[in-house]
Amino acid sequence: MSIHPSRQAYVEEQQEDDAGISIAELPTDTNYQIPSASGGPSQNASTVFNDFARKRKAAAMAVPTDDQRVRTELRARGEPITLFGERKEDRRDRLRELMLKEQEGGDDDVSMADAGEEGGKDEEEGEFYIEGSQDLLAARRDISRYSLPRAAQRIAHQKIESKIKVATHVRHRKAIKEKLEGIELFGSQIASERPVSVVRFAPDGNTVACGDWGGTVKLLDVPNLDTKAVLRGHKGIVGGLCWFPGATLSTSSVSPDSINLASAAQDNEIHLWSLNKDTPLATLSGHSSRVCRTEFHPSGRYLASASYDTTWRLWDVNTTTELLLQEGHSKEVYTVSFNEDGSLIASAGLDSIGRIWDMRTGRTVMLLEGHVAPIHALDWNSDGVRVMTGSADGFAKCWDLRNVKESASIGAHMGGVSDLRWFKGTDGPLSGNTPQADTTMTNGDGEEHEDIQPKKSGTFIVSSGFDKAVNIFSADDWALCKSLTGHDGTVLAVDTTSDAKWIASCGRDRTVKLWARDDMEGL
1 MSIHPSRQAY VEEQQEDDAG ISIAELPTDT NYQIPSASGG PSQNASTVFN DFARKRKAAA
61 MAVPTDDQRV RTELRARGEP ITLFGERKED RRDRLRELML KEQEGGDDDV SMADAGEEGG
121 KDEEEGEFYI EGSQDLLAAR RDISRYSLPR AAQRIAHQKI ESKIKVATHV RHRKAIKEKL
181 EGIELFGSQI ASERPVSVVR FAPDGNTVAC GDWGGTVKLL DVPNLDTKAV LRGHKGIVGG
241 LCWFPGATLS TSSVSPDSIN LASAAQDNEI HLWSLNKDTP LATLSGHSSR VCRTEFHPSG
301 RYLASASYDT TWRLWDVNTT TELLLQEGHS KEVYTVSFNE DGSLIASAGL DSIGRIWDMR
361 TGRTVMLLEG HVAPIHALDW NSDGVRVMTG SADGFAKCWD LRNVKESASI GAHMGGVSDL
421 RWFKGTDGPL SGNTPQADTT MTNGDGEEHE DIQPKKSGTF IVSSGFDKAV NIFSADDWAL
481 CKSLTGHDGT VLAVDTTSDA KWIASCGRDR TVKLWARDDM EGL
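Quick note on UniProt numbering: the sequence shown kicks off at 1 and runs consecutively.
What the hints contain is simulated information worked out from the structure, not anything from laboratory work.
What you are looking at is a predicted structure, and each value in this text was computed from that prediction instead of being measured.
We put the CB at the ideal spot given by N, CA and C, even for glycine.
Hints may be right or wrong, so weigh each one.
Claimed, not checked - 20 angstroms max Cα-Cα, derived EDC-like pairs, lysine to aspartate or glutamate:
#1 K468 to D509
#2 K331 to D67
#3 K174 to E161
#4 K174 to D499
#5 K163 to E178
#6 K468 to D393
#7 K235 to E269
#8 K174 to D519
#9 K501 to E161
#10 K501 to D518
#11 K88 to E73
#12 K468 to D488
#13 K159 to D476
#14 K228 to D267
#15 K163 to D519
#16 K179 to D393
#17 K331 to D90
#18 K55 to E89
#19 K482 to E178
#20 K165 to D476
#21 K88 to D67
#22 K177 to D204
#23 K174 to D518
#24 K405 to D488
#25 K331 to E97
#26 K88 to D66
#27 K57 to E89
#28 K57 to D93
Said to hold, decoys possible - Estimated spans, in silico, between C-beta atoms of each pair:
#29 R194 to T279: 33 to 41 angstroms
#30 K165 to D477: 56 to 64 angstroms
#31 D518 to N206: 19 to 27 angstroms
#32 D93 to E184: 44 to 52 angstroms
#33 Q134 to E521: 47 to 55 angstroms
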């Protein structure tokens, strides 16, 4: 809207009379005062903006994540290696501040243009290389030889599945949801005098392993939950339990006298167990803080562990040696998980960020950024390209590696998600079963047609939370299929068998609970 020149002059005269100053005389670079929220003295906008810019510059600086290296850097600068009550992340921030002061002091003789160019170059340097051992090189080659044929098998399986009609998928998933809605509490057993922190089914589903805050691991019979064995060796909270791939299966070549189970605890150690001894076959030592979760590589030759020392590590199971110490998280790493190809591993922790790593190259292939609280749960789908995370912010998020982004976010639990498991099934791409023709499908027209039966694996997830509930979500539309209540405290872990016949949960109420359908049938 335009203003007539005479009208504009009148407005300016009035403003000049009222304020005692003309518009033309107003300063164009007024440094406005920003009031303090605490009631203290206000600050100039320029000071606040400069402080923000300085913090951004500090955050972009590369600082070691290994606490020992941080201490070494501080000592080299003549600073105390630790202050009273200082945490690891606080120590890293203090080192970052010192490095920023050094950089600002060293830029006095450099022009602003040169400093800007150098800053841009520094920001582009996002990766650094640390030479690994020959054993790690051999392991990477071995993982490549193992994973490439499995990836080809998975892709071939998915190509066949892509021919399934949408109507067939809809009926199939509807039937799955109806079965999941029938799951109820089957039995409960007080498994320990201390809270039970983790529970995991054996591959055959006939045994469930649980670990408690006292350092004890128990093997319980399914479905009676009678104690079959007690494994003692840890001195602290047992956080990680994982079964050797194929162990306890009748078709497996794994002997009960060999490694069948791995456990990790607050005593910084990882124990490898057989089924016939109550003492560890071997102990993996190297972490400098609590070890939370462990997981075997699908080949069974390697083991990954996540620790509060801000690293995750890769171990050779046969030689019990450490192959890789992987940094990259700014805070404690809580969980790790391999995809079924064995080519990728995902890690996440208390920095609320997850990372997906290529086991064959060591590179980060995707960042999982979206949670606003620590991530406590992580699991892959059987399709090998989707991973699920659960956080203390109460959300469970699905990440799609193909699109390199978050594909779904669901409010899973009030107060936070403690654990989640994606149903793997026995008909996944790498289960050895190829899609079969099913002549009972009617395709909605009342006539029989030859069609491929959709797989059941990957159709739902189970999660546990601080709201004392176990929830089952459909992986189709992420709808809540069933909420299982019965625990008297926080549910700390959950798991499901490969046929979905049983769901197990444990928590602070010291119990292990089994959930099943009334007809005692799986999917």
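Which numbered hints fail: 5, 9, 14, 15, 16, 22, 24, 29, 30
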